[in-house]
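I would like the entire structure built from these sequences, with the hints used as guidance.
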Amino acid sequence: MLSERRLEVLRAIVQDYVGTEEPVGSKALTERHNLQVSPATVRNDMAALEEEGYIAQPHTSAGRVPTDKGYRLFVDKLADVKPLTTAERRAISSFLEGAVDLDDVVGRTVRLLATLTRQVAVVQYPSLSRSTVRHVELLSLAPARVMLVLITDTGRVEQRMVDCPAPFGETSLADLRARLNSRIVGERFAEVPRLVQDLPESFDNEDRGTVSTVLSTLLETLVEETEERLVIGGTANLTRFGQDFPLTIRPVLEALEEHVVLLRLLGEAKDTGMTVRIGHENAHEGLTSTSVVAVGYGSGNEAVAKLGVVGPTRMDYPGTMGAVRAVARYVGQILAEN
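Under my numbering, read the sequence shown as residues 1 to 338, first letter to last.
It is possible that part of the hints are untrue.
Here are the computed lysine to aspartate or glutamate pairs in the EDC-like style, where the Cα-Cα straight-line distance is at most 20 Å [said to hold, decoys possible]:
#, residue 1, residue 2
1, 69, 4
2, 82, 316
3, 77, 281
4, 69, 52
5, 69, 285
6, 77, 4
7, 82, 8
8, 69, 244
9, 69, 8
10, 77, 52
11, 77, 8
12, 69, 51
13, 27, 8
14, 69, 21
15, 69, 50
16, 77, 50
17, 69, 281
18, 69, 316
19, 69, 22
20, 77, 316
21, 27, 50
In case anyone wonders, no lab produced these hints; they're calculated from the structure.
Right, here's the structure in full:
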């Protein structure tokens, strides 16, 4: 365990290095921070921090920079994240409230996160597997052709065309729509098959084939959208951090193209807490010079997806964590209201 004084020295080194992009020396620390100890004591503390692997000396510079271990301790010891200003909160609210549908919400969220943090923003679409049914609409397009529209509690809309084995009248269609919604609205997708399995038997013989066909299409819709969708924005922000990536940013860009990798980095959506993975804590080789800050969002107390940012380990962690958390909260509110 580090003493509180050495922890203060580490905090000061992280803050200065993030702000100046230059290795930090003991003289600069004593001049910029009220550490209330002599420069000699600061030098001794820096030597101890280096010996324990929290800071390192790059090349032949007299200054020191934080290591992954140093950043990890800094983040773990954060008393709180940096609060957003009133103007920032107002900007988030007004920008997201103008969204017209889920695609627009996700697109706006990505642009907003990338702008606020000046990092690469990653937003996962709400997963159907963690959604509930808000409404099922059935529309007659022809005597034997129906459009099925499934709307989830997160605002996701899925449409399917159903070719019926026989003509299906408007009265029968309205009856099926009413019975279907009465059984499954507000229910988890996993519960739907059980809740509708005996529905065809409640219809007349001539309509049972069509009812079964419509239900089959509904159940296929519930299970086929298993692939998680991601939207990424702000990749160009990485070009501002050329010196933070050894040799080249190409491995980072290649890793960002692999959505499976990003989904693994974001973590399980049901985990609502803040996740911060630093440097070599990211298993993918191309992302060992980056940090990932992610949090779950949802329309209630349970998260339905994750959003976050990817950037260099030399990151403003308090500010980034505050922005990610605030945006997730606003997105959750919008999903709940809509």
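### Task
Could you tell me which of the hints above the structure violates, numbers in ascending order?
none
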